[in-house]
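K.L.:
Sequence:
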Amino acid sequence: MRRALRRTSSRLHRSGARHFSAAAPVLGQDHRLVVASPAPPLQLPAPGSLPNFSDFICSGFAKNGDKPAVVVDNPEGPADVRTFADLLADVGSVAHELRSVLGFGPGDRALLISPNHADYFTAVHAVLKLNGVLSPANPLYSATEIGRQLEDCEATVVMAHPCCLEKALEAVRASGRADAISVLVLGADAPAGATPLDALKGTGAAAPLLGAVEDDQLAVLPYSSGTTGMPKGTMLTHRNLIANVLQFEFVDGRFWSRGGETLVSPLPFFHIYGFTASLNISLYYDCTCVTMPAFDLERFLSLVQERRCTRAQLVPPIILGLAKHPLVDSYDLSSLKTIVSGAAPLAREVGNECAARLGVAVKQARGVG
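Quick note: the sequence shown uses UniProt numbering, first residue 1, plus one each step.
For each label pair, taking beta carbons as the anchor points, the in silico distance ranges come out as:
id : residue 1 : residue 2 : range
1  : Ser330    : Gly233    : 41 to 47 Å
2  : Asn352    : Glu76     : 34 to 40 Å
3  : Leu102    : Ser225    : 29 to 35 Å
4  : Leu210    : Ser335    : 39 to 45 Å
5  : Arg258    : Ala199    : 33 to 39 Å
6  : Leu327    : Ala365    : 23 to 29 Å
7  : Glu166    : Pro106    : 28 to 34 Å
8  : Glu249    : Ser224    : 23 to 29 Å
9  : Ser335    : Ser142    : 36 to 42 Å
10 : Ser175    : Leu210    : 26 to 32 Å
11 : Leu209    : Glu298    : 44 to 50 Å
12 : Ala361    : Ser330    : 18 to 24 Å
13 : Thr203    : Val328    : 41 to 47 Å
14 : Thr203    : Ser224    : 32 to 38 Å
Source of the hints: derived by calculation from the structure; they are not laboratory data.
As the structure is a computational prediction, the values presented were derived from the model and not from experiment.
Glycine is no exception: its CB is placed at the ideal position from the N, C-alpha and C atoms.
Could you build the full structure based on these sequences and the hints that come with them?
P.N.:
See the structure below:
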């Protein structure tokens, strides 16, 4: 059975079939197995007219003004909030300064090492605005692991959270090309030899207009977890990212109220699940993304209660906690309507138990690699 499944998967991969469903497979004239979806194909921009992914995501930001876009929990004080207007201004200003001061431009690579942070979106999209390539790294990486990704992705700019800065600087020094690498620190403070990201904000300048991008133009370079060896860069183009957002919209859009949802997600933004399904899609839908630098069940429950979150993007271990942990009964989670599980299979009984306990719809999503 496993061999048969592998053979079928291989044939599907070679066939280039784009749409998958439970429909019966059809053996084509060339003897390749094709599984066709009953749904119509997604409509993507025509070749030569593909927008930059950042322009695509930010296209509706201006109308949202001072509405909160990203809310990052801070257990020791007020949450760190960025409005849609903040993000629009910051992305433009930082992109302009990256270009004019650091000479960063199309095809150049930037490495971002940070837990979830209010300026994560700005760091990502300032790079993408310039048709640069953003490579997100796991903030738990050691200096050696950061250095490996730094060299493999050939980054000339490193952006680091303060908690990752010492490791990042060690990796830069060990690279043998420290003079060619600019280091930025998320926030307002930075040591000698680095620049605070806040210093690039507030100029009032806009990013240069670079127009349409090529279909195969690289945008994001996340690295695999290294399950089958060393971590490997996964090359995602602007078209890949836009198509993925439109896929979500096609399948899940009817369950969203555009501009009317508050998403809570502790998923790390450096991972493609958190990057796409939490950070970018929620803002594309004109909704607020509530997140946290690291998961803590009590803080998570408090966020749902305080922010009246309506949707959650989670993973099975967290859903198991929502189904079983007695602490859940101490919080008002009545605003929550939908939970989406991903990254690993969710046991049906756990999903059903969570749904019954909270009175929510629990849906399972998965990617096919």
